[in-house]
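All chains should be built: construct the whole structure from the sequences, respecting the hints.
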Amino acid sequence: MKKVSFYMKATRAFSTVRKSAWLVTLAVAVGGQFYPPLGLLVPLIMISLMGMSLFKGRYWCGNFCPHGSFFDFLLQPLSRNKKIPGLLASKITVVLFFVFFMFNLTGRFVTALQYIEHVSLLNSIGTIFSTTYLMVLLAGGLLAVIFSPRTWCQFCPMGSIQTLLYKLGKAVGLTAARDKKVTVSHQLLCHSCGKCARVCPMQLAPYREFSHSRNQFNDERCIRCLTCVKNCTVKILSLAAATEAGTLMKEANLEGFQESSHYRGEVIHVKELIPNFCT
Numbered sequence: 718m719k720k721v722s723f724y725m726k727a728t729r730a731f732s733t734v735r736k737s738a739w740l741v742t743l744a745v746a747v748g749g750q751f752y753p754p755l756g757l758l759v760p761l762i763m764i765s766l767m768g769m770s771l772f773k774g775r776y777w778c779g780n781f782c783p784h785g786s787f788f789d790f791l792l793q794p795l796s797r798n799k800k801i802p803g804l805l806a807s808k809i810t811v812v813l814f815f816v817f818f819m820f821n822l823t824g825r826f827v828t829a830l831q832y833i834e835h836v837s838l839l840n841s842i843g844t845i846f847s848t849t850y851l852m853v854l855l856a857g858g859l860l861a862v863i864f865s866p867r868t869w870c871q872f873c874p875m876g877s878i879q880t881l882l883y884k885l886g887k888a889v890g891l892t893a894a895r896d897k898k899v900t901v902s903h904q905l906l907c908h909s910c911g912k913c914a915r916v917c918p919m920q921l922a923p924y925r926e927f928s929h930s931r932n933q934f935n936d937e938r939c940i941r942c943l944t945c946v947k948n949c950t951v952k953i954l955s956l957a958a959a960t961e962a963g964t965l966m967k968e969a970n971l972e973g974f975q976e977s978s979h980y981r982g983e984v985i986h987v988k989e990l991i992p993n994f995c996t
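Residue 898 in the working numbering sits at position 181 of the sequence shown; the count goes up by one each step and never skips.
Warning: the hint list may mix true and false statements.
No farther apart than 16 Å at their CA atoms in a straight line, the calculated lysine to aspartate or glutamate pairs in the EDC-like style are these [said to hold, decoys possible]:
1) Lys912 to Glu983
2) Lys884 to Glu937
3) Lys887 to Glu937
4) Lys884 to Asp936
5) Lys808 to Glu937
6) Lys897 to Glu834
Since the hints were made in silico from the structure, they are not lab data.
Only a predicted model underlies this, so the values are computations on that prediction, with no experimental measurement involved.
Written out as structure tokens, the structure reads:
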């Protein structure tokens, strides 16, 4: 029997921005090597993603990130689409890489200041950011092909910053009305088929978190990319704020489901179905 990969190269929910944002990556990473001021776009991107994360978590990652667009739109067809190694997604890797990245970036800024009399500061800063963008493009691209398109995103320093700011946003109440999460219209309608887990770019499993008291996916790593929503077999997933999620539960059509038995499970293996033709 043919071995079937658990993870599927499913159609991403590409908006116009998500389809074309990869051009920014190439412009900054490659063009910045010849025209350093292009690297000054990066601080603007950082300010935008940090501001958005206070209200909507890692929404930027799934909808606007230039590198994410490059990984999803251009490299997904080339990717082996395998399980991302646990080490790369572990908390210790995330923390250590974040510390290393910030230490390295700070050191480069200090060096730039030392040569401010000989080299334009704006050119130096542009070079720092464009070179960093190029390194992410190369390293993230290699990981995308070897493992899965969003492997880099597991320990991306900008993703870590967004997660920290998202926690702050939740603590001070900024996310209450603006944070839209993956939501199932009603838990009883979910078949636990695992399709959402098989297509998730971040290799998360929304169906395993829905319960009788909760119909939203609360994992902070979720990038709200709509891939699971677009590929849901029974079309019961959407992005919704907390109040909208409550309304969806109340208005869900449960005819035929109230008396049914439900068992919590997890899809751990997939086999190819081979037709058995009778003669």
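Here is how each hint holds up against the structure:
1. Lys912 to Glu983: holds (11 Å)
2. Lys884 to Glu937: Judged against 16 Å, a Cα distance of about 9 Å means the pair holds.
3. Lys887 to Glu937: holds (11 Å)
4. Lys884 to Asp936: holds (12 Å)
5. Lys808 to Glu937: holds (13 Å)
6. Lys897 to Glu834: violated (48 Å)
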